[in-house]
Amino acid sequence: MPCERAQQLEAYLDGELDAASAAAVERHLETCSECRKAKVQIEALRSALREKASYHRADPQLRARIRASLDKETPRPGVLRLFPGARAVWAGAAGGATATALAASLAFFLLMPAANDPLITDITNAHLRSLASEHLIDVVSTDRHTVKPWLAAHADLSPPVADFSNQGFKLIGGRVDFLEGVRSAVTVYRHGAHIVNVFAWADYDEALPDFATRNGYHIVFWKSGNLTFCAISDTSIDDILALSRLLKGLSQTDARE
Amino acid sequence: MDDRRRRFEAQALPHLDAAINLARWLTRSNADADDVVQEAMMRAWRAFDGFRGGDIRPWLLTIVRNCWRTSLGDRKRRGHVAMPDENTQLLGDELTYAGPSPESAAMRSDEGRKLDAVIATLPDEFREVLILREMEDLSYREIAAITDVPIGTVMSRLNRARGMLREKWLGEVESEASHAL
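Chains P and F supply the protein sequences, listed in that same order. The numbering used here numbers the first residue of the first sequence as 7 and each following residue consecutively. The numbering used here numbers the first residue of the second sequence as 3 and each following residue consecutively.
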C-alpha cells in the first residue's frame, strides 16, 4: 500500500519543495519504511536514466543541414558571387571528395533552380512512401540475375544491378516506381540501418543538379549511357556517393560486355 | 553573418543535443527526429525575435515538441502510422527502436539497451515528462509549459511514469534495495 505522502516524496526528490516542506519529508522518512524504499527506487531509476539510458546527440550532418537552412533564410548579398554555378557541371559528380560534395550541396541549397523542385519533391515522396512499407520492393532478391531481368521485364529498363555487400551496400530487391509520371526502375540497397533507393529512368535531357537535400534526405544524380540515375537515402552524402561510384563503374563494365 | 544570426547560433545551437535527444525519444526514429529538429530550429529562428530572454532551452524544447505533435498529425492524415509489420526488419531503426548507431549500440551494456526499450514502450505523455525531468533536469513549471498541461498533471504523470518504469525494469534493483534497507 503506497504511503499517502508518496507524491510529496517525489516532489522532494525533484527539488520542488521549499525548505520547511522538505524538512517535513525528511522527518517523515525516518519513520516510514515504505517511503524509504520508494526513495531508493526513485534514485536508482534516476541514476539509470542518466547513466545507462541513451542520451542522443546531434550528428555533424544535422548541424550542417541546419546551418545550411539558416543560410538560406539569412540575407547574404555576397552569396551569388561566392557560388557562381547554380547548376554544378554535370560530369563532375565522379570526384565526390567531401569538401566538393559539401560545397556543391550548399550551393545547391542556396540556389536550387526552382524548375527542379517538383522532381526532387517527387523523389523524396517516393522514397518516403517506400520506407513507410507501402511499396518498398516488388522483387525481393539479393541476386542481380533475378533483379535485373525483372526490371527489364517490368520497367522496360536495364540499369546496372549488383550486390555490393562487400562494400557495405547489400542488394535487397527492386521495384517499379513513377516519378512525375515517368516510369523508373528502382534498385533497393541496404546500408547498415539505412535504405538507399536508386531510381533509373530514360534520359530525356532534363537539367539536374549533382546533389540535393530535402527533408534531411540526401539525393545524388548522375547520368550514364542513356539513363539518368538518382540515389536517395538518409545515410551520409559520402555513402551515397560511394554507391554511385560503384554503380557508375558497373555501367562502364556493362557497356563493354 | 548578421547580429541576429550570430545571437541565434550562440544561444540556440548549444542546445541542439537536448533538442535531438527529446525528438529521438518522442519519435523513436532517427530520421524522423532529425526532420522534427530541423523544422523546430527553423521555426525557432523565425520566432527568435519573440523570445524574451531567460533560459532558451525550455523555449526550444517547447518548439521541438510542437513540431513533433504536428508531424504526428501529418502522418495520421496521410495514413502513415508507423506500425511494426512484416517489413519491419527491412527498415532497421526506422520503425523498431534499436537505439543510436549500431557501433555505439554494440558498445552499450545489455542493461542500457533493456532500459531504452522499456522507456520506448511508455505511452507518449509519460515518456515525455520522464525525459524532460530526468534527462533534461527541468522543473515541474518548465515541464508544464512545454507539455501544455497544469503542474498537477505533470506530477501525476511523472508519478505514473516512474511507477511503470519501476514495474517493467526495476525488478532486480528492487530486490537489491530491500537488502540494503
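Source of the hints: derived by calculation from the structure; they are not laboratory data. For each residue, glycine too, the CB sits at the ideal point set by N, CA and C. One or more hints might be untrue.
[To be verified] With a straight-line Cα cutoff of 30 Å, these simulated DSS-like cross-link-like pairs (lysine-lysine) come out: (1) P:K78 x P:K58; (2) F:K170 x P:K78; (3) P:K176 x F:K116; (4) P:K45 x F:K170; (5) F:K170 x P:K43; (6) P:K58 x F:K116; (7) F:K170 x P:K176; (8) F:K170 x P:K58.
[Stated by the list, open to error] Derived contacts from chain P toward chain F, CB cut-off under 10 Å, selection only: (9) D24; (10) A25; (11) A26; (12) A44; (13) R63; (14) A64; (15) L137; (16) A199.
Now the hints, each set against the structure:
A C-alpha spacing of about 39 Å is found between K78 (chain P) and K58 (chain P), which places the hinted pair above 30 Å, so the restraint is violated. Taking the CA atoms of K170 (chain F) and K78 (chain P), the gap is about 46 Å. The hint is violated against a cut of 30 Å. Among the hinted pairs, K176 (chain P) with K116 (chain F) is consistent with the structure: their alpha-carbon atoms are about 29 Å apart, no more than 30 Å. For the hint pairing K45 (chain P) with K170 (chain F), the CA-to-CA distance comes to about 18 Å; that is within 30 Å, so the pair holds.
At roughly 17 Å between alpha-carbon atoms, K170 (chain F) and K43 (chain P) fall within 30 Å of each other, so this suggested pair holds. Pair hint K58 (chain P) plus K116 (chain F) holds up; C-alpha atoms about 10 Å apart against a cutoff of 30 Å. Restraint check for K170 (chain F) and K176 (chain P): the C-alpha separation of about 37 Å exceeds 30 Å, so the hint is violated. Between K170 (chain F) and K58 (chain P) the CA atoms are separated by roughly 16 Å; this keeps the pair inside 30 Å, and the hint holds.
Checking D24 (chain P) against chain F: minimum C-beta separation of about 13 Å lies over 10 Å; hint violated. Checking A25 (chain P) against chain F by beta carbon gives a least distance of about 16 Å; that is not within 10 Å, so the hint is violated. Using the Cβ-Cβ criterion of 10 Å, the hint placing A26 (chain P) at the interface with chain F is not satisfied: the shortest such distance is roughly 18 Å. Satisfaction of the interface hint for A44 (chain P) is found here, the shortest Cβ-Cβ separation to chain F being roughly 9 Å, below the 10 Å cut-off.
Of the supplied interface hints, the one on R63 (chain P) holds, with its beta-carbon coming within about 5 Å of a beta-carbon of chain F, less than 10 Å. Here the hint on A64 (chain P) is kept, as its CB sits about 4 Å from the closest CB of chain F, short of 10 Å. With 10 Å as the threshold, the beta carbon of L137 (chain P) comes within range of chain F, its nearest partner Cβ sitting at about 6 Å, so the hint holds. For A199 (chain P), the suggested interface contact is upheld, since its CB lies about 3 Å from the closest CB of chain F, less than 10 Å.
Of the numbered hints given earlier, the model fails hints 1, 2, 7, 9, 10 and 11; all others are met.
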